[in-house]
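There are 2 protein chains.
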Amino acid sequence: MAAQPVDVGQYAEGVLAGSRAWIARAITLVESRRADHRAVAQDLLVELLPHSGKARRVGITGVPGAGKSTFIDTLGSSLTAAGHQVAVLAVDPSSTRSGGSILGDKTRMARLAVDPKAFVRPSPTAGTLGGVAKATRETIVVMEAAGYDVVLVETVGVGQSEVTVADMVDTFLLLTLARTGDQLQGIKKGVLELADVIAVNKADGPHEREAKKASRELAGALRLLRMADSGWDPPVLTCSALENTGVDDVWAKIVQHRDQLSESGALDAQRRKQLLGWTWSMVRDQLLQDLADHPKVRELGPELDRQVAEGTLTPSLAAQRILAAFRS
Amino acid sequence: MAAQPVDVGQYAEGVLAGSRAWIARAITLVESRRADHRAVAQDLLVELLPHSGKARRVGITGVPGAGKSTFIDTLGSSLTAAGHQVAVLAVDPSSTRSGGSILGDKTRMARLAVDPKAFVRPSPTAGTLGGVAKATRETIVVMEAAGYDVVLVETVGVGQSEVTVADMVDTFLLLTLARTGDQLQGIKKGVLELADVIAVNKADGPHEREAKKASRELAGALRLLRMADSGWDPPVLTCSALENTGVDDVWAKIVQHRDQLSESGALDAQRRKQLLGWTWSMVRDQLLQDLADHPKVRELGPELDRQVAEGTLTPSLAAQRILAAFRS
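Keeping their order, the protein sequence lines are chains U and L. Letter by letter, the first sequence follows residues 1 to 328 in full-length UniProt numbering. Letter by letter, the second sequence follows residues 1 to 328 in full-length UniProt numbering.
By construction, these hints were calculated from the structure, which means they are not laboratory data. Keep in mind that the hints are not guaranteed to be accurate.
In this list, chains with the same sequence are indistinguishable; a pair is considered to hold if it fits within one copy or across any two.
Listed next, the in silico SDA-like pairs over lysine to any residue satisfying Cα-Cα at most 25 Å (straight line) [as the list claims (entries may be wrong)]: (1) K212 to H51; (2) K188 to P302; (3) K54 to Q307; (4) K273 to G231; (5) K189 to G277; (6) K117 to G190.
Sequences and hints are given; from them, build the entire structure.
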């Protein structure tokens, strides 16, 4: 592969034809950190862009244990049964995929992994959240060009990954759990405000009652705080991914949210905003990376930090010196 | 003033002696955007830094109408009566002070404005939030060096100003109001999570009952969501700044929060983190300003944005071209 030049046209044709082998190759190209691959990947994406944009893009978050994999397996299977083509991507900057195996995801999503109408791809391991997010955003283009009309992007909720995923989807689903006592489990600070739809999962057997109670209380709290700033009040539902109860209702709310966005014209605006936000955040990230990597900044930084922390240097002066070092 | 060189030693001496005239001059210097003033201001701050850091720094937010001015007037007056020296600063990037008059603030805080143990300073009008925040942070140093042991920083809640203020204080107070129906008024998205203490104001006369009900419900919602990620669960109180009931209890919670931070050693860590965060955010802001001001970026930016929004150019390629233009 290293010696042979990559034929962009062939890749594009294969992806547009929906070939799983070409989709996999295209994603590998998009995820690659080799400079020559990156250049070709961009050419490929430019070819694919006009064919992308038609999927419902849904982000799904929840702490480990909230049942995300089972939920996606159940939801994805009923979507493919209803005729949809479902792509499952993941943003997990902490993932350490060994040798490109997706065995982990195959085990986690037993039905979808062997479903010919589904394509499950584990998180890229590009290291930084920015790198992982870039690869995932570009993979969405590949999947949409290949005809997948539902894209589910899962995130495990490390660092800022929920914000990042919320910024690449149309609708953001938060899966949570009831817990004994008067608390909800698995809601990270700041995540509730990103959610368009909230589902209390594992509402089955002995837990059903507490899940329903938790969902009522959460709905009450949301109404009280009224955190939504749009015309959409995030609904709170209960479901059991294990028993496949309520999952269809959660999907119906996701569809309703997306339809409302679409009909009001807000979807186009949101996607344009996401594209521009992504562009400029890559510019900013690279600039800040240049700053962090600059030899003089690396040399001076720790000493200036020490003086500022000690109170012998003002932050303004320290900032001026860092900038002077960077510009030198 | 323009022709005469500024004597930093005289300024420092005046501020350290607690002279109101010298404090006012020092703040004017700190707020100035003239390059020569800025250089002198930094020299002055380096002189004052060793004498700063001893105040309780409290941020206060709430939408217009929440009663911030009355609350600060009432709280500040009882603090000065108890022997404290109270500085009241403001971060309001939307303020348009006419000719440097602080008449607005004098009217808003009738008692504090004439209290010899209080110093009320309206928001600097440096334009950007970054500029306003920088001036206010540096004014805190001036006020502390002058012997003020309580610094109240008010913000009206425009854009990101609450986050900015939360990043310069030890304790952040959110003032809110009950509203008929089952909602709380005046809680902006994201602000609840910054709050260390929450007070439902205007709990007086016919509103007392609904204020108490709102505070119980808010406390319940917070318990449910458990948004705190530290050892401190933000208490929810009621008060009437107008009738001066409950304001002392709010202050007692602020003191308790600060004491807990101080005793656990978290206060020092938080302040160091704030100083370093401030330093590097100034560096980043300046870099991004350089980017925005770069002639080639200004020339290319809109066209690249258009192509990205239209879907004819990938964000990655657009970002590469913007960076190439900036580096050229």
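request  = Can you give me the call for K273 and G231, within, between, both or neither, at a CA distance of at most 25 Å?
outcome  = within (18 Å within a copy, 38 Å between copies)
inquiry  = As a check of your reading, is K117 near G190 (CA-CA no more than 25 Å) within one copy, between copies, both or neither?
reply    = Cα proximity of K117 and G190: none, with 34 Å in one copy and 40 Å across.
query = With identical chains treated as interchangeable, where does the CA-CA distance between K188 and P302 reach 25 Å or less: within a copy, between copies, both, or neither?
reply = Neither: 32 Å inside a chain and 37 Å across chains, both beyond 25 Å.
task = First find the shortest C-alpha distance between K212 and H51 inside one copy, then the shortest across copies, and answer within, between, both or neither for a cut-off of 25 Å.
result = Neither: 42 Å inside a chain and 57 Å across chains, both beyond 25 Å.
query = How do K189 and G277 come out at 25 Å by Cα distance, when the copy is not named: within, between, both, or neither?
reply = So K189 and G277 pass the 25 Å test inside a copy (23 Å) and across (20 Å) alike.
inquiry  = Please sort K54 with Q307 into within, between, both or neither, judging by C-alpha distance up to 25 Å.
reply    = Between copies only: 18 Å across, 54 Å inside.
Hint violations for this structure: numbers 1, 2 and 6, all remaining hints satisfied.
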